[in-house]
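*Asks:* All chains, please: the whole structure from these sequences, using the hints.
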Amino acid sequence: MSANLFLLLSLIFSLLQGSFLPPVLVEGAIVLLVVLAAPPRQAFLALFAGGIIFDLVQSQTLGLTSLVFLLSGVAILAMRDQLPLQKPIVAGVVAALVTLVRAKVVFASFLFAPSVVVGLLTILIFLFVWQPLSSSRIRLQ
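One rule links them: number in the numbering used here = place in the sequence shown (from 1) + 490.
Among the clues, some could well be false.
Estimated spans, in silico, between C-beta atoms of each pair [stated by the list, open to error]: (1) 505 x 561: 19 to 27 Å; (2) 600 x 529: 28 to 36 Å; (3) 597 x 573: 21 to 29 Å; (4) 494 x 594: 28 to 36 Å; (5) 552 x 577: 18 to 26 Å; (6) 573 x 602: 20 to 28 Å.
Simulated from the structure, these hints should not be mistaken for laboratory data.
Just so it is clear, the structure is predicted and the values come from calculations on it, not from any experiment.
Note that the Cβ used here is the ideal one computed from N, Cα and C, for glycine as well.
*Replies:* Right under this line is the structure:
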(Lines of atoms letter the chains of each structure in order from A and count residues from 1; the text may use other names and numbers.)
(Lines give C-alpha, C1' and ligand atoms only; values in the text may rest on other atoms or scores of the structure.)
Protein backbone atom coordinates (compact mmCIF):
# COMPACT_ATOMS: atom_id res chain seq x y z
CA MET A 1 0.00 0.00 0.00
CA SER A 2 1.58 3.25 -1.05
CA ALA A 3 1.45 6.45 0.96
CA ASN A 4 -0.75 8.06 -1.69
CA LEU A 5 -3.30 5.27 -1.41
CA PHE A 6 -3.30 5.63 2.38
CA LEU A 7 -3.88 9.38 2.12
CA LEU A 8 -6.72 8.84 -0.34
CA LEU A 9 -8.32 6.23 1.94
CA SER A 10 -7.89 8.56 4.93
CA LEU A 11 -9.68 11.35 3.11
CA ILE A 12 -12.51 9.14 1.86
CA PHE A 13 -13.11 7.41 5.19
CA SER A 14 -12.87 10.62 7.19
CA LEU A 15 -15.49 12.24 4.93
CA LEU A 16 -17.76 9.20 5.22
CA GLN A 17 -17.17 8.87 8.91
CA GLY A 18 -17.89 12.52 9.58
CA SER A 19 -21.34 12.25 8.07
CA PHE A 20 -22.53 8.63 8.00
CA LEU A 21 -20.48 6.16 10.01
CA PRO A 22 -19.94 5.76 13.76
CA PRO A 23 -17.03 7.74 15.26
CA VAL A 24 -14.38 5.02 14.85
CA LEU A 25 -14.58 2.29 12.25
CA VAL A 26 -11.61 1.73 9.98
CA GLU A 27 -8.54 3.49 11.35
CA GLY A 28 -7.01 0.50 13.12
CA ALA A 29 -7.06 -1.66 10.00
CA ILE A 30 -5.70 1.13 7.79
CA VAL A 31 -2.88 1.96 10.22
CA LEU A 32 -1.86 -1.69 10.49
CA LEU A 33 -1.93 -2.19 6.72
CA VAL A 34 0.11 0.90 5.90
CA VAL A 35 2.76 0.09 8.54
CA LEU A 36 3.12 -3.48 7.29
CA ALA A 37 3.01 -2.64 3.57
CA ALA A 38 5.09 0.54 3.23
CA PRO A 39 8.69 1.33 4.14
CA PRO A 40 8.87 2.91 7.63
CA ARG A 41 9.72 6.45 6.53
CA GLN A 42 6.93 6.54 3.96
CA ALA A 43 4.51 4.89 6.39
CA PHE A 44 5.11 7.47 9.12
CA LEU A 45 4.68 10.38 6.71
CA ALA A 46 1.41 8.87 5.53
CA LEU A 47 0.24 8.22 9.11
CA PHE A 48 0.96 11.81 10.10
CA ALA A 49 -0.81 13.29 7.08
CA GLY A 50 -3.73 10.87 7.43
CA GLY A 51 -4.17 11.82 11.08
CA ILE A 52 -4.21 15.51 10.17
CA ILE A 53 -6.87 14.79 7.52
CA PHE A 54 -9.03 12.91 10.04
CA ASP A 55 -8.72 15.75 12.56
CA LEU A 56 -9.53 18.47 10.03
CA VAL A 57 -12.58 16.74 8.57
CA GLN A 58 -13.99 15.62 11.92
CA SER A 59 -13.31 18.91 13.78
CA GLN A 60 -11.11 17.26 16.40
CA THR A 61 -8.06 18.66 18.17
CA LEU A 62 -5.51 19.08 15.39
CA GLY A 63 -2.66 16.59 15.63
CA LEU A 64 -4.22 14.27 18.20
CA THR A 65 -5.10 11.55 15.71
CA SER A 66 -1.67 11.95 14.07
CA LEU A 67 -0.03 11.38 17.44
CA VAL A 68 -2.12 8.25 18.05
CA PHE A 69 -1.37 6.96 14.53
CA LEU A 70 2.38 7.61 14.87
CA LEU A 71 2.61 6.00 18.32
CA SER A 72 0.58 3.03 17.08
CA GLY A 73 2.91 2.75 14.08
CA VAL A 74 5.97 2.77 16.33
CA ALA A 75 4.40 0.09 18.55
CA ILE A 76 3.51 -2.06 15.53
CA LEU A 77 7.04 -1.74 14.13
CA ALA A 78 8.51 -2.62 17.53
CA MET A 79 6.24 -5.69 17.80
CA ARG A 80 6.75 -6.79 14.21
CA ASP A 81 9.51 -9.25 15.14
CA GLN A 82 7.94 -10.48 18.39
CA LEU A 83 4.36 -11.03 17.20
CA PRO A 84 3.30 -13.02 14.14
CA LEU A 85 1.47 -10.09 12.52
CA GLN A 86 1.06 -12.08 9.31
CA LYS A 87 -1.51 -14.25 11.14
CA PRO A 88 -5.02 -12.85 10.64
CA ILE A 89 -6.14 -13.24 14.28
CA VAL A 90 -3.11 -11.38 15.64
CA ALA A 91 -3.54 -8.63 13.04
CA GLY A 92 -7.23 -8.32 13.97
CA VAL A 93 -6.42 -7.94 17.66
CA VAL A 94 -3.76 -5.28 16.93
CA ALA A 95 -6.15 -3.33 14.68
CA ALA A 96 -8.87 -3.49 17.35
CA LEU A 97 -6.41 -2.22 19.98
CA VAL A 98 -5.39 0.73 17.76
CA THR A 99 -9.07 1.55 17.32
CA LEU A 100 -9.72 1.33 21.08
CA VAL A 101 -6.77 3.60 21.87
CA ARG A 102 -7.84 6.22 19.32
CA ALA A 103 -11.42 6.12 20.61
CA LYS A 104 -10.30 6.65 24.20
CA VAL A 105 -7.84 9.44 23.38
CA VAL A 106 -9.94 11.34 20.82
CA PHE A 107 -13.51 10.66 21.97
CA ALA A 108 -12.84 10.01 25.71
CA SER A 109 -14.64 6.66 25.71
CA PHE A 110 -13.92 3.10 24.70
CA LEU A 111 -16.00 2.12 21.69
CA PHE A 112 -16.03 -1.67 21.90
CA ALA A 113 -18.50 -2.49 19.11
CA PRO A 114 -16.61 -0.58 16.39
CA SER A 115 -13.35 -2.10 17.66
CA VAL A 116 -14.74 -5.61 17.31
CA VAL A 117 -15.95 -4.75 13.79
CA VAL A 118 -12.47 -3.44 12.90
CA GLY A 119 -10.88 -6.61 14.26
CA LEU A 120 -13.20 -8.82 12.22
CA LEU A 121 -12.72 -6.73 9.07
CA THR A 122 -8.95 -6.92 9.50
CA ILE A 123 -9.11 -10.69 9.88
CA LEU A 124 -11.15 -10.92 6.67
CA ILE A 125 -8.76 -8.60 4.84
CA PHE A 126 -5.76 -10.62 5.95
CA LEU A 127 -7.44 -13.89 5.01
CA PHE A 128 -8.55 -12.91 1.52
CA VAL A 129 -6.71 -9.84 0.20
CA TRP A 130 -3.04 -9.90 1.10
CA GLN A 131 -0.01 -12.01 0.27
CA PRO A 132 3.07 -12.14 2.47
CA LEU A 133 6.31 -10.82 0.97
CA SER A 134 8.30 -11.84 4.03
CA SER A 135 7.64 -12.31 7.72
CA SER A 136 7.39 -8.56 8.31
CA ARG A 137 6.08 -7.05 5.03
CA ILE A 138 2.91 -7.60 3.02
CA ARG A 139 1.75 -6.89 -0.50
CA LEU A 140 -1.88 -6.17 -1.25
CA GLN A 141 -3.34 -7.87 -4.32
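*Asks:* All hints are to be evaluated individually against the structure, with a verdict given for each.
*Replies:* Hints, verified against the model:
no.	hint	verdict
1	505 x 561: 19 to 27 Å	holds, 24 Å
2	600 x 529: 28 to 36 Å	holds, 32 Å
3	597 x 573: 21 to 29 Å	holds, 27 Å
4	494 x 594: 28 to 36 Å	holds, 30 Å
5	552 x 577: 18 to 26 Å	violated, 36 Å
6	573 x 602: 20 to 28 Å	holds, 22 Å
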